[in-house]
Amino acid sequence: MSEQLTARADLELAGEPVIPASRPGLRWAMLAVGLLVALALPWFIYPPVAMDIAAWALFAISVDLLLGYTGLLSFGHAAFWGTSAYVTGLIAINAGVPFPLAVLGGALAAMALAVPIGYLSVRRTGIYFAMVTLAFAQMVYFIANQWRSLTGGENGLQGIPKSFFGIEAIETDSFYFYYAALPVILLGVLVAWRAVNSPFGQVLVAIRDNPARARALGYDVERYKIMVFVLSAGLAGLAGGVFSISHGFASLQELAWTTSGKVVLITVLGGIGTLWGGPIGAGLVVVLEDRLASSGFNGVGIITGAIFIVIVLAFRHGIWGTARNGVAAWMRRRRSGAGGS
Amino acid sequence: MHRKKTLALAATAVSGSLVLAACGGGGPSASGGKISDGKVVLGLLNDQSGVYKDLSGPNSKVAIQMAIDDYKAKYGDKAVAKDIEIVTADHQNKPDIANTKAQEMYDRDKADIILDVPTSSAALAVANQAKAKKKLFIDIGAGTTALTGKSCNKYTFHWAYDTYMLAHGTGGVVVKNGGKKWSIVYPDYAFGQDMNKSFTAAVQQAGGTIQQSIPTPFPNDNFATYITKAQSTNPDVIGIMAAGGDLINFVKQFNQAGLQGKTDLAVGLMFITDIHSLGVDQFQGTKFTDAWYWNFDDQNRAWADKFKEKTGTRPSFAHAGNYSAALQYLEAVQRAGTDDADAVVKQLEGKKINDVFLRNGEIRAADHSVLHDAYLVQVKNKSEVKEDWDYEKVLETIPAQEAFGPVSGDCKM
Amino acid sequence: MSAFLQYTLQGLAAGGFYALAALGLAVIFGVLGVVNFSHGACYMLGAVASAVLLDTLGLSFWWALLVVPVLMFVFGVLMERLLVQWLLRLDPLYNFLLTFGITLVLVDLVKRRYGVSGLPYQLPPGLDGRVTVGSVSLSLYQVFVTLFAVLVCVAVWALLTQTRIGMIVRASTEDAERSRALGINVGRWVTPVFGFGIGLAGLSGVLAAPFRAITADMGSNFVIILFAVVVIGGLGSILGAVVAGFLVGLVEAYGQAYAPSFAQVLIFVLMALVVLVRPSGLFGREEAA
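Chains as they are written, first to last, in this note's numbering: chain A, 1 to 341; chain B, 1001 to 1413; chain C, 2001 to 2289.
Simulated from the structure, these hints should not be mistaken for lab results.
Here the structure is a predicted model, which is why all the values come from computation and not from measurement.
By construction, the Cβ of each residue, glycine as well, lies at the ideal position given by its N, Cα and C atoms.
Possibly wrong hints are sitting among the right ones.
Pulled from the structure, derived: some chain C residues nowhere near chain B, Cβ distances all over 12 Å [claimed, not checked]:
id, residue
1, 2114
2, 2136
3, 2148
4, 2152
The following label-pair restraints were derived from C-beta to C-beta distances [claimed, not checked]:
id, chain 1, residue 1, chain 2, residue 2, range
5, C, 2005, B, 1197, 26 to 34 Å
6, A, 333, C, 2066, 42 to 50 Å
7, C, 2089, A, 287, 49 to 57 Å
8, A, 96, B, 1309, 41 to 49 Å
9, A, 97, B, 1401, 40 to 48 Å
10, A, 333, C, 2166, 22 to 30 Å
11, B, 1365, A, 171, 26 to 34 Å
12, B, 1211, C, 2005, 47 to 55 Å
13, A, 119, C, 2132, 43 to 51 Å
14, A, 112, B, 1132, 30 to 38 Å
15, A, 96, C, 2089, 31 to 39 Å
16, B, 1076, A, 149, 49 to 57 Å
17, A, 147, B, 1384, 19 to 27 Å
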């Protein structure tokens, strides 16, 4: 059975370097464009929605760190996003510290939760891993539902303040708040970027592609997996914390399995194995949901589900990966065409 | 009639073009009068695709439009609000979407008021936005007492029902009518725990006894164990506090256990749409408290007939509640002569109202809870049903002052 | 003591239902290596179909028990031919994701078409009432569902172990390469087996119709519990799914009776324990991961 599965395993998950290393200029240019888009977003999109996009983008990147770079599909990442949302909220309400500190606290709590869950989950791979993480997330959900004194039960944890050194514009206007919270998100993206472009990231890819070989080379595969799992949970926590501060509350919705499903959908839609996929998927799904909510069309799932099916069937590199490959193929053809004439 | 309509249309067109001209001129100063942005915008934020779609959903827009039409017909040229618009959004029962949409409605759509918002967590999130933006919010669809308790604020009103009303209506009156011994089955989360507490208090106050209170998981599909447990002490009444899909699960399994007709069933929270979807025979004999019933008297029925003409279906309490809230809001704008939120709040606070939805209604100033008569009803037997949606028999009218609880100490305006 | 016996019986009754629903999931994974996320949605379709057939054609419960699984079999065959088959050669995660997408679409389609308040369905005549033996008592329908589920499980087991078709299917589960070398055309059985699994999901939906709320969302949480069942039993193990189904039913019933606040968490605690002690599940082969 195991041979059969490995034989079937398809390396379309692979995250080749986005642009050949010989062209670092292009890479920096793209980074600059990405940053510019992030900065300009609330000018074009309603600021709270822009904030949602940023938070979901980081959340998707955290899932991609596991799925694209380590080959582990977590279907229970809502546990970390949601735990951080609650812990961030509790810190913000009770300690009154500036919100980035509360978010950091939430992220740490998510990482602490990820240690035991990761320890148990990484014993399995592939589809087992997905189901086991899902089950653990359900446990967290039910516990939060019961622990009413802390979480507010199904009423949610309401009235989370946006404390930020008493600067009123940021605390009350979602436009300015976006710029105060964006650095937290970018910090998360930077951590992910550093992780995948470091020796650590190379070990992860090696484990994904051939765990037996990585083990033979002397790497403690399980330990690496737990480490990346905890790191990913921390990023999901950063995102969830910003989300709860931005909305001013945390609810059970944040822990529900549908949230885990939504972030996987965003990640795969955008394209796995590349840090650009998450933001693109997040932009698409969040804006689509926002538009559909006011359009009178009920059935968001029909549209997002159908797009998702098409992506999984025909464009497994996701939107970013497909576009990237298309451009690369076009450039190759042009170059070989130019060489021929 | 026709001429009147044309006039109204012309007025709308004129004021509309004025706004356009004003915008073109680049300054809002020309929009004139006391109405912000030249028009009154009512935002309907509710569940248009999920579990509460039938209860309220898109048909509440029709109800609100009926309120606008009635307001215009009543005041004609003298109407303060000449240009009235409805914007809607689907919050899918998700508090984060409700929160974002509420901000969008207040900021971008220039909504002066948001209506409806079922689901407690979503309603509380919108209440916080109303407070932050200093704009009105009238909740109809959610039942949490936190709206008039811990989360109460100057701009939030709770119009139709809450868990206290449901518990005291059903618990108190059923005991008075002879159902002394109770077993309560409740889902073990905030709503269920509240309901259990309120029911226990109401039953004991009325001289009944609670033999046992049985918590169940939520959500839950399988109630067999709990039904056996609840029945084991031979109670007069089994009270079930589950709602929605779980309630239907429970009732199906209760009937299967052969208890229908043997032990009285009292339901904490139930809507006429639940009866419609599961079938009246499954629920027959069940008692619960309703905030409004379309076939209660001639006034309700006349309104329900108009509603049916437009939608093809009978209204739930939520539809009538949305109508009433929109109408009373517009009346308050009329009295205040402006849509300025603070002035309108002043007009609403303490106001005594009688309309198709609110009987002996009063907007309590202290916590913005809207008191009105409630009804203990029993689901009819199948043979008594004469037409579609003819499901309820009103056993008793619970006077407004008794139906709702005292002002909560948690509420600090 | 009699209370304990009562809860045990109720747990077994619930377990039989879980076993039947998980069986289809296990069969599909065993032969195709696909974890069918849409199993809950197919269960929901089975229940919705019986309600709609009753409403429009007056088709009784007993006919639905026969007709709906066949319809769902056809639905499953179409789903496999049109969508699932293209991803069979890839990592099983892809079909997991695909069936997740299918779930989103199916649930929202049913919501749009049939609303969300739930559809009415009557208990079939002859199955109301209670069976009382000594101090314990179950509703007749519960007893019926349990017996019926056990019967189907035994029939599926017999089909897999006692017939030639079953041998072939099992052989391809155990070792597709060798079966192919022996001249068995594994591919031929993939489509009908998928359809069969979906048919079983539909069948559990029919059985659920009389005692559960029939809504578009009825499968959403159900499928998560089924996942726990098959992980506990060992993915792809038929026997494991059945045994774990009963086990989960019992844990749920005892939990409901003695620790109601934790009844749902208990199932996942059980799962965590199994993963900790025997990662491949109670009846899974160690290398199956």
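Structure-based check of all given hints:
no. : hint                          : result
1   : 2114                          : violated, 10 Å
2   : 2136                          : violated, 9 Å
3   : 2148                          : holds, 15 Å
4   : 2152                          : holds, 19 Å
5   : C:2005 <-> B:1197: 26 to 34 Å : holds, 33 Å
6   : A:333 <-> C:2066: 42 to 50 Å  : violated, 58 Å
7   : C:2089 <-> A:287: 49 to 57 Å  : violated, 35 Å
8   : A:96 <-> B:1309: 41 to 49 Å   : violated, 56 Å
9   : A:97 <-> B:1401: 40 to 48 Å   : holds, 46 Å
10  : A:333 <-> C:2166: 22 to 30 Å  : violated, 53 Å
11  : B:1365 <-> A:171: 26 to 34 Å  : holds, 30 Å
12  : B:1211 <-> C:2005: 47 to 55 Å : violated, 22 Å
13  : A:119 <-> C:2132: 43 to 51 Å  : holds, 49 Å
14  : A:112 <-> B:1132: 30 to 38 Å  : holds, 33 Å
15  : A:96 <-> C:2089: 31 to 39 Å   : violated, 57 Å
16  : B:1076 <-> A:149: 49 to 57 Å  : holds, 55 Å
17  : A:147 <-> B:1384: 19 to 27 Å  : violated, 46 Å
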